Amino acid sequence: MSSLEIKVEISGDQALAKLIGQINEDSDLSALENITAKTLILDLKEVSLINSCGIREWVEFQNQHFDFEQVIYENCPQVIIEQMNIVAGFIHKNGKIKSFYAPYFNEFTDEEVKILLTPQEVVDGKAPVKKDAEDRELEFDEIEAQYFNFLNK
Amino acid sequence: MDTKAFDHLQNPILLVNKQGGLEYFNFVCSTFFKMSPRKLKAILKFTELVQTDNYDLVENIQKVLISGNPLVSPELSFAAGENTYTSILKFIPFEDKVLVHIQDFSIEKQLHEKYKEQILELQSTHEQIVKSEKLTSLGELIAGISHEISSPLTVAGDTLYVMSQNLQLKNYEAASKDLQELEQEFRRIKQIVANMHSMSRNKDEDLAVIDLQIVLEKSVDFIKELGILTDIELDLQLNTALILANEGKLQQVFINFLKNAVDALADSKEKKIEVRLESTEESVLVHLIDNGVGIQDADKIFDMFYSTKELGEGTGLGLTISQKIVESFHGSISIADSKVGAHFIIEFPKLELESFTSSNRYFTGEVEVEDLKFVVYAENIDYLNTVYQHFLGKPIVLILTSEKNRVSEICESYMADYVVHLLGAPLNDNCKIFNFESKSLDDYINKIEEVISGS
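Chains as they are written, first to last, in my numbering: chain A, 1 to 153; chain B, 1 to 455.
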């Protein structure tokens, strides 16, 4: 049984695919085959895990089946960003990252939060300053040079 | 100490000092351990991060520090944070510290266990399917048999009534005819029961020298008794062909092919089935040919559950099981090109080849160089079987044959030590080997025993 659910909505030249669950050796990606659209938007917000077998499947699948003029990756969770930083080929040759989550730590409340960033907010490999509701500055909870490395690829 | 290069490596690398303190971890560690760098920095000792019961990390780190030589752990299962891992750790001396390199196999291990479990499930399902197919075949057989037995029984019952009437009327001539008819009906029932008996008496593992001609004739008779061959022209071109196999199993195979042929002829005008036996140098070929609808997907017909019959009429397992049975006797099934209908060829190794390989399998696993090789020739199947069964499991190699003119050739090709001509068969001068003849089968067996014990 596939560990991944894919919901596809097509509107004109644009297709929106929401991926929900785990990308692993059992994932069925066939819902992304034969989509006739110029642009594919991949909403990865609800991808909870991707393992090394899943990455292989994903990269191979993209190379075989993605013939879009543009592939947009949005709401990329931390698990995806980490894999993007380790494995080449996760992003399609016509791919672009629209938004992604980054880990921050609130030392005042001892809470870990994931904040949605855009690539434009990351300047010179530095995490943008983010604040909590009380206007207190949050601490970026990863190694910047490592976490934002995918933006240089 | 410059560790910058380690940050670009894809495997987790840690630096541990003499006291076991965690001094450094590369970038990928936070991804690997699923912990933020902040949390990792808060861990002071290597053994606080990596926890394992079956390997003394501290002791081995000390060994590396003292010896100055690298050390590789066995495959370890360890806990780190909320996760467990299966990895091999390599400890490398690095200045006055130890560099720990983690080669992780957690995913491979999980996949291995998952697929192992799935294979076991598949095996169990396969066994259930085979069992259910056996039960289905048995059900079909019982339905066929009860139908076949019930019709002569009904006729016999009616005839008996008429006969009793004739006897009361003292019409002895008519009663005598009735009696003949009764006998005929009971003979039919007896024949059906005899066929059933020959199908069931063989255990799966029983191998014996059998004549394919007899097995094919019995299979055709069985199908005839089902009454489904009435409007079909049957062309049998059979001759004696001995192989080493299990008769009941082979009958199951031939009956399955013949029933399929009958089904394929349902809509044909001129219905014909041809069964032909052919011998080559090393094989015996059974040709099963019909002029029915032919084969639609030749590459799929041996697949499990593949059937072109209507739902409920075929299980799609008959050919799969037939193929397995034939392969278990080192045979094979192929499909020949035919313009009309279907043409199957079932090939078996000839008796001498199969008995030779069977000797290998049943005696010692592999033929030992010093094992004596006997070529045993007889025309009578029962004699060959007696010798085969008698020496089963003994450290000799038997090569059985019923073809007199091939004895010399077999002796040469198998480099046999002795040739045994059973019951006065002519000796063959070309054989360099020991010949003897007698009129008693026991004499031959005793003689072979003597030769073995003398060697």
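In short, the hints are calculated from the structure, not lab data.
Small disclaimer: the values here were computed from a predicted structure and weren't measured.
Among the clues, some could well be false.
[Stated by the list, open to error] Okay, derived cross-link-like pairs now, BS3-like style, lysine-lysine, Cα gap no bigger than 25 Å in a straight line:
| hint | chain 1 | residue 1 | chain 2 | residue 2 |
| --- | --- | --- | --- | --- |
| 1 | A | K18 | A | K131 |
| 2 | B | K34 | A | K130 |
| 3 | B | K41 | A | K131 |
| 4 | B | K90 | B | K116 |
| 5 | B | K324 | A | K114 |
| 6 | A | K126 | B | K39 |
| 7 | B | K34 | B | K45 |
| 8 | B | K394 | A | K45 |
| 9 | B | K269 | B | K224 |
| 10 | A | K114 | B | K41 |
| 11 | A | K130 | B | K272 |
| 12 | B | K134 | B | K324 |
| 13 | A | K126 | B | K269 |
| 14 | A | K114 | A | K45 |
| 15 | B | K131 | B | K269 |
| 16 | B | K134 | B | K39 |
| 17 | A | K114 | B | K34 |
Open item on the list: Given the hinted pair K34/B and K45/B, is their Cα-Cα distance within 25 Å?
Closed with: Roughly 18 Å separates the two Cα atoms, so the pair holds.
Task: Given pair status - K131/A, K41/B, alpha carbons within 25 Å - done: holds, 23 Å
Task: Distance restraint between K126/A and K269/B, which requires alpha-carbon spacing of 25 Å or less - done: Violated: K126/A and K269/B sit about 85 Å apart, past 25 Å.
Task: 25 Å limit on alpha-carbon distance, applied to hinted pair K269/B and K224/B - done: holds, 19 Å
Task: Restraint check for K131/B with K269/B, where alpha carbons must lie at most 25 Å apart - done: violated, 37 Å
TODO: Decide if the proposed pair is consistent with the structure: K130/A and K272/B, CA atoms, cutoff 25 Å inclusive.
DONE: violated, 86 Å
Open item on the list: Given the hinted pair K34/B and K130/A, is their Cα-Cα distance within 25 Å?
Closed with: holds, 23 Å
Open item on the list: For K394/B and K45/A, compute the direct alpha-carbon distance and say whether it is at most 25 Å.
Closed with: violated, 70 Å
TODO: Would you mind confirming whether the straight-line C-alpha gap from K114/A to K45/A stays at or under 25 Å?
DONE: holds, 11 Å
Task: Pairwise hint evaluation, K116/B against K90/B, where the allowed Cα distance is 25 Å at most - done: violated, 28 Å
Open item on the list: Check the hint pairing K324/B with K114/A against an upper bound of 25 Å on the C-alpha distance.
Closed with: Between K324/B and K114/A the Cα gap is close to 58 Å, so the pair fails against 25 Å, i.e. violated.
TODO: With a cut-off of 25 Å on the C-alpha distance, tell me whether K134/B and K39/B pass.
DONE: Violated, at about 62 Å.
Consistency with the previously given hints fails for numbers 1, 4, 5, 8, 11, 13, 15 and 16, ordered from lowest to highest.
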